[in-house]
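Chemist: With chain A's structure known, arrange chains B, C and D on it following the hints.
There are 4 protein chains.
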Amino acid sequence: MPASEGPVSEILETRGHLMDTGILARVLDDVLAYGGDYRIDRLDVGRLHDDETYARLMVSAADQASLQRLLMRLQTHGVNQVDPGEALLRVVERDGVFPDDFYSTTNLETVVRIGSSWVPVEQPEMDCGLVVDIGRVRTVPVSDIRAGQSVVCGAGGVKVVLPHVDRSEGDDFGFMSSAVSSEKPQSLLLRQIAQQMREVKADGGKVLWVGGPAVVHTGAAPAMVALVENGWVDVLFAGNALATHDIEASLYGTSLGVDLAHGRGVEHGHEHHIRAINQIRKAGSIGAAVEQGVLTGGVMHAMVRQGKPFVLVGSVRDDGPLPDVITDVIDGQRAMRAELPGVGFAIMVATMLHSIATGNLLPASVPLVCVDINPASVTKLADRGSAQAVGIVTDIGLFLEGLARELVPGWTNA
Amino acid sequence: MPASEGPVSEILETRGHLMDTGILARVLDDVLAYGGDYRIDRLDVGRLHDDETYARLMVSAADQASLQRLLMRLQTHGVNQVDPGEALLRVVERDGVFPDDFYSTTNLETVVRIGSSWVPVEQPEMDCGLVVDIGRVRTVPVSDIRAGQSVVCGAGGVKVVLPHVDRSEGDDFGFMSSAVSSEKPQSLLLRQIAQQMREVKADGGKVLWVGGPAVVHTGAAPAMVALVENGWVDVLFAGNALATHDIEASLYGTSLGVDLAHGRGVEHGHEHHIRAINQIRKAGSIGAAVEQGVLTGGVMHAMVRQGKPFVLVGSVRDDGPLPDVITDVIDGQRAMRAELPGVGFAIMVATMLHSIATGNLLPASVPLVCVDINPASVTKLADRGSAQAVGIVTDIGLFLEGLARELVPGWTNA
Amino acid sequence: MPASEGPVSEILETRGHLMDTGILARVLDDVLAYGGDYRIDRLDVGRLHDDETYARLMVSAADQASLQRLLMRLQTHGVNQVDPGEALLRVVERDGVFPDDFYSTTNLETVVRIGSSWVPVEQPEMDCGLVVDIGRVRTVPVSDIRAGQSVVCGAGGVKVVLPHVDRSEGDDFGFMSSAVSSEKPQSLLLRQIAQQMREVKADGGKVLWVGGPAVVHTGAAPAMVALVENGWVDVLFAGNALATHDIEASLYGTSLGVDLAHGRGVEHGHEHHIRAINQIRKAGSIGAAVEQGVLTGGVMHAMVRQGKPFVLVGSVRDDGPLPDVITDVIDGQRAMRAELPGVGFAIMVATMLHSIATGNLLPASVPLVCVDINPASVTKLADRGSAQAVGIVTDIGLFLEGLARELVPGWTNA
Amino acid sequence: MPASEGPVSEILETRGHLMDTGILARVLDDVLAYGGDYRIDRLDVGRLHDDETYARLMVSAADQASLQRLLMRLQTHGVNQVDPGEALLRVVERDGVFPDDFYSTTNLETVVRIGSSWVPVEQPEMDCGLVVDIGRVRTVPVSDIRAGQSVVCGAGGVKVVLPHVDRSEGDDFGFMSSAVSSEKPQSLLLRQIAQQMREVKADGGKVLWVGGPAVVHTGAAPAMVALVENGWVDVLFAGNALATHDIEASLYGTSLGVDLAHGRGVEHGHEHHIRAINQIRKAGSIGAAVEQGVLTGGVMHAMVRQGKPFVLVGSVRDDGPLPDVITDVIDGQRAMRAELPGVGFAIMVATMLHSIATGNLLPASVPLVCVDINPASVTKLADRGSAQAVGIVTDIGLFLEGLARELVPGWTNA
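Chains as they are written, first to last, in numbering that gives the first Met the number 0: chain A, 0 to 413; chain B, 0 to 413; chain C, 0 to 413; chain D, 0 to 413.
Just so you know, the hints here were simulated from the structure itself, not pulled from any lab data. Where is the CB? At the ideal position from N, CA and C, for every residue including glycine. Keep in mind that a hint or two might mislead.
[Unchecked claim] Derived BS3-like pairs: lysine-lysine, alpha-carbon spacing no greater than 30 Å straight-line:
id : chain 1 : residue 1 : chain 2 : residue 2
1  : B       : Lys379    : D       : Lys379
2  : B       : Lys205    : B       : Lys379
3  : B       : Lys205    : B       : Lys158
4  : C       : Lys200    : C       : Lys379
5  : D       : Lys200    : D       : Lys307
6  : C       : Lys307    : C       : Lys205
7  : B       : Lys200    : B       : Lys307
8  : C       : Lys379    : C       : Lys307
9  : B       : Lys158    : B       : Lys379
10 : D       : Lys200    : D       : Lys281
11 : D       : Lys379    : D       : Lys205
12 : A       : Lys158    : A       : Lys281
13 : D       : Lys379    : A       : Lys379
14 : B       : Lys200    : B       : Lys281
15 : C       : Lys205    : C       : Lys158
16 : A       : Lys307    : A       : Lys200
17 : A       : Lys158    : C       : Lys281
18 : C       : Lys379    : D       : Lys379
19 : B       : Lys379    : A       : Lys379
20 : B       : Lys158    : D       : Lys281
21 : D       : Lys205    : D       : Lys158
22 : B       : Lys379    : C       : Lys379
23 : C       : Lys205    : C       : Lys379
24 : B       : Lys158    : B       : Lys281
25 : A       : Lys379    : C       : Lys379
26 : A       : Lys281    : C       : Lys158
27 : B       : Lys281    : D       : Lys281
[To be verified] Some chain D residues judged to face chain A by a derived CB distance under 7 Å, without partners named:
id : residue
28 : Ala24
29 : Gly34
30 : Ile39
31 : Arg41
32 : Leu42
33 : Arg46
34 : Met71
35 : Val110
36 : Ile113
37 : Val407
[What the hints assert, rightly or not] Residues of chain D placed beyond 10 Å of chain C at every Cβ, according to the derived structure:
id : residue
38 : Arg14
39 : Arg304
40 : Asp330
Next comes chain A alone, as it looks inside the complex (with noise of 0.2 Å):
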């Protein structure tokens, strides 16, 4: 990356809740931890704690790259330049390349200055490129670019809208902005969870679930059955692994069923799961399998049954895979990203794979929660950028139990 001719700096401004927060204390940190240095030229603090704070700030960096890759990284606090200016375009030359100073997305809401008006970006999604269309701008993933296009470049003429936290809601759902922990009261988040879905529902809008194989493993199926069946799961993403089993535990219901049924904790036997996968070749497609009357239970049967869409996206260490799986990753996003609009709530249960990669594709206006007995999957998440993410330390089994229980009234585990 070419070297420019020396110090150079932008003027940026914020506002909101920047202290009790600590977005400030962020901003200034990374400004230092990307090579730049700052000073702070005005400082309007809230006096009283519901009072929003102005600060402006002058950054300066080594050269014109450095500096635009800090605006950029200043951007996913919501600091804007004072004076944007207008997007530069350039013409993308090559099928699936960017020109080299790109305009990187964030995950947030999102406006670019085209031709003296600011245009909102469609489906903010990270680390994408802002493609420009007659007057409109949407996120583009590198993949599907496409020679000819115009891409805007640098940091100018792009503004960042954090999004707007009502502390006096706080009491609702906002204290699920704490720091992943295995040590909280999981009944209370369990109800609050519970009253969020109502919520989006009545609303109008989706819930995603992405889910992992230990939704069969936990004994979890017939909690996750009824949730579906009372139209509490609108879209789910999976893998292989899920769907195969809780096909397996479906179809060789004797053994299985024994074995779920008394916790055996039998490894399941290797030929099972090939053999479950075989089936549902031989039927075409599971909603094919629901159809001939092969396959006659479970989540994916119950998704089936309601006519709900679900994505299974491959993975290299598959087996078969399913006929339904998509086996391209790249195909698998473009499908995932189809079902976006409209979801309102998203939550990812016992899934590191799946649910990373549906944080990548989320916008950060969506709610979403994590739930896993490992921290380790939980706070991967958060670190990956998904801010918006809330983490849940707890035994799959019981905490979807325990949901089947707030949303589904009379639901019980007999």
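Modeler: Relative to the frame of chain A, chains B, C and D by itself:
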């Protein structure tokens, strides 16, 4: 340790479900691991899976001291000498010091050949010596041995009896002998533990609880209180932390109550717990604080009200501590030991230190369930010789609430 | 699955170190776990610990389908039918679908009775079918099976041969067959792994590495580069992440170099990795980027320079990806499979996804070491049937540096 | 706790790097978390990142008791009253009980206004009271307070001074203030810790080690012995377990030596450790055992030979214990406290219990490194208020060997 004159050997035998339980494999493995060798002289295998197997083997070691240690080791698997002879007794010369070759106990049912009759050992406990006194044999820890007492030395004259495993009852509780796992149907486990507790109580046995502070942190105190008030907690072993957090939550209800009720996850004020301790010290004891109306809620309050004993043993990280805490750990072990007779079931929740301590003292005949969200706590207990331990990796809060729902009809965490 | 007419049985036999290795115990346990029953007809126990044991048992199950599944299961322990007869072949009717009762493979050495001679299976791999073609038998995954091919069905005519364990060599490497642990002398393990790698190379075998991005995060890239440059890495399997982080560290050396050199632990700028990917996409491939002088350091650069093959297989969480990444996971498995012939040792470092994927493909005869700081990664691999896996819970950075010191004389991380 | 008459408030101030360190954000957050409210009256922000910031704020709470607790809380962040006035003293009425409103200490440098002069607190330690005695002020834990002593009550007249963080030196050691991580270049950390230890020793300070039994399990004893013998261990805090395992490894060298040397991972014979303890009890003490030639190697032997003090404090799970173990935990704390003066650096290795215990006693001014392969141990220490703690998640064995290589020229684990 002085070397003996050359290879020595002994003929051993054992009977039971040696094959499908893997015991024989472990026995042979241990012989090699201890530097010895074996020859299988006879093996009458149970042909059907309900039949018992009988094995006779010769084991050899480089010297007498090694052989004796190996014999003691094999006794932990129920392997005894064919011809154990009489027990060798030596008189203790100094307080708190065993003879060099003292017999180190297992926690299994044990009998000692004294004057040509087999005398059962009272209160089996691991890592003790066996004191013989007018025809009785009892376990004594090294710290309690006194000069002049007669102690069994060497492995001769000692037989260990493995707990009888009735495999036909495997469906009730036996499954739990499988390894630690977070991937088991937790609801089923809950139901089985509740059933086990009902049976122990029906037989007049006591239920021992060992608990850590996460019982309070996870918001499970109301469930725990319900269990205490309904007679499901006969004895409680804990440290300063569980009692302090519980009392702190009761005393500073306004602030911490809000905390627990809203899940704020507030790092507890450093001054609250020391203030809570100070209040109880002023009252004189937890019981006195209940009597004086200072302490009006929580787990410890419920224990006092129910007239159920608790043993709080201190640790080096304690603040305060509460006046009820036994600060000398060896005295603490004695106090715990004194509560063990009559215990028919032990459940350990969210505490590694006191769980291991209790595991060290319990006879192997007492079923023991260890519940923690951290797999390491659960494995550690099993690793230390508490082979009867069943580990459950789950969320403490949801687990205790589930148990309360099973055992206390009508209970809800409303 | 249609039930058969009633209880059916089969006579099985096995030979080897069945007792002290616990294999027989596991066999009997599996019979019960699969709902079958057994009768031991003969047991010639090795009297000395170097002698082999021979066992003959009758196993029974409720119906033929259950019995066949049980027989396949027991073959994973090296238990075969006394009278296996000829293999039953069926013709595949549709692409990608096996006959219902297809023989599902283990990853063990296997022979099939075809036309009264025993034919060895080429390239053992688990969860495949066995295709018979002009006297040859090879494993084929369900996704690659084609209509018209002949596939072995049922357990008849198939024998599995357990790997020979030479217990007298236990001191060299065999100790590592013990369970996963973070409490083992890591230096000793390091030395033994180095020794194992030297022997494999001396025998003309290839050393396969499977790596995750933590190789770069932990600062171990220089050690890894030294290992590559000195010929200790013959093939590398990884995902988009390892390669991207490695390339990112090379391309943005100034900023990220500072980071790694000073351990700042800066959360990587969200734009850096996507920019690194874009650079390589522009170059066309990693190899092209090396050739064009764009990429001048790091692990991938060293692989290219040494002319050693690498297979990068994508996952659904990938950004970009790099142009070398195979985005179709089934194609990715095929590419990995193609590199396996000749591999004599596999080492998996800090990656769960690609480790399990590789474990699925590897014959059981290839020794496999899995290194991670997270015990869960290590256990998961062993749980999934890669019984030959040795798990080491340790720090990746210090481990790779230690290995470099062992294998590359004079190497220091200065 | 009796409620006061209504909302009360106080004016506070603080100065330092409040912005980019996030301290001010935490202060404001704590005010709200404690149920109080704030108004920022003045904020002089450092314009450049090296400038200090000055903040004055009014905080209010519902009653006087709440306000005083809030004020004490804020002092942990270095926020003091603008007009603290004189300290209020009360006379203790009963041994072991503080007045209700006693000032509960932090572990920070603190001064108390007595008779119009500021008196520094001797030996800062958290969760203590402040005893005033003829113009001197010292920390006293609740268990050591005696009737008749004068104790500071309320937050008035007390000021806390935050440790000065010289940000320009960040490159040396400051980076380690970042969060716990297993993904940091461990070699670099090793080098920096070695450097820190050299500087502390050069300044005449003592290096305190706190260790758990994994020091022995991981095979790191030789490295630890080398560190002791070369003067890098001035004091050692541990429990019965570290010393016992170390002594057991020395006494039963033949069997356990083989074990450690070959990594067998043999579950230690239950009788070995109790036999080792018995031997030392017979000798009278560890020192006596060294003198008598009974104990001839290992870490404890090296400590005795070097004439360096160690404090072993018991826990309720101990067997034996060794005669040197202090079984009363409060006495144990006193013994540890007595060794703290002069300590300039503390390193805690593979022990949660004794690390937290030591963290409770140490002034915040002593840098503290906590090393464990289990992230939970490391986080727990930091969570309990030892804010100066730096956590390193790594392999103990490789870490200690690396440290020995850094500090002991020519050392190898050959």
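Chemist: In terms of Cβ atoms, is chain C entirely out of 10 Å range of Arg304/D?
Modeler: holds, 24 Å
Chemist: Taking 30 Å as the top limit, are the C-alpha atoms of Lys379/D and Lys205/D close enough?
Modeler: holds, 25 Å
Chemist: Lys205/C and Lys158/C were given as a pair; does the straight-line alpha-carbon distance stay at or below 30 Å?
Modeler: holds, 28 Å
Chemist: Taken at face value, is the distance from the CA of Lys379/B to the CA of Lys158/B at most 30 Å?
Modeler: Answer holds: Lys158/B to Lys379/B is near 28 Å, not above 30 Å.
Chemist: Are Gly34/D and chain A close enough, Cβ to Cβ, to be under 7 Å, as the hint says?
Modeler: violated, 12 Å
Chemist: Was the hint right that Ile39/D lines chain A, CB cutoff 7 Å?
Modeler: holds, 5 Å
Chemist: Are the Cα positions of Lys200/C and Lys379/C separated by 30 Å at most?
Modeler: holds, 28 Å
Chemist: Given the hint that Lys205/C pairs with Lys379/C, test it: the Cα-Cα distance must not exceed 30 Å.
Modeler: holds, 25 Å
Chemist: Has the given pair, Lys205/B with Lys379/B, been kept, meaning a C-alpha gap of at most 30 Å?
Modeler: holds, 25 Å
Chemist: Do the alpha carbons of Lys379/B and Lys379/A lie within 30 Å of each other, as the hint requires?
Modeler: holds, 26 Å
Chemist: Within 30 Å, alpha carbon to alpha carbon, are Lys307/A and Lys200/A?
Modeler: holds, 15 Å
Chemist: Is the Cα-Cα distance between Lys379/B and Lys379/D 30 Å or less?
Modeler: Given that 30 Å is the threshold and the Cα spacing comes to 18 Å, the pair holds.
In terms of the numbered hints stated before, the structure departs from hints 10, 12, 14, 24, 27, 29, 31, 34, 35, 36 and 37, listed from lowest to highest.
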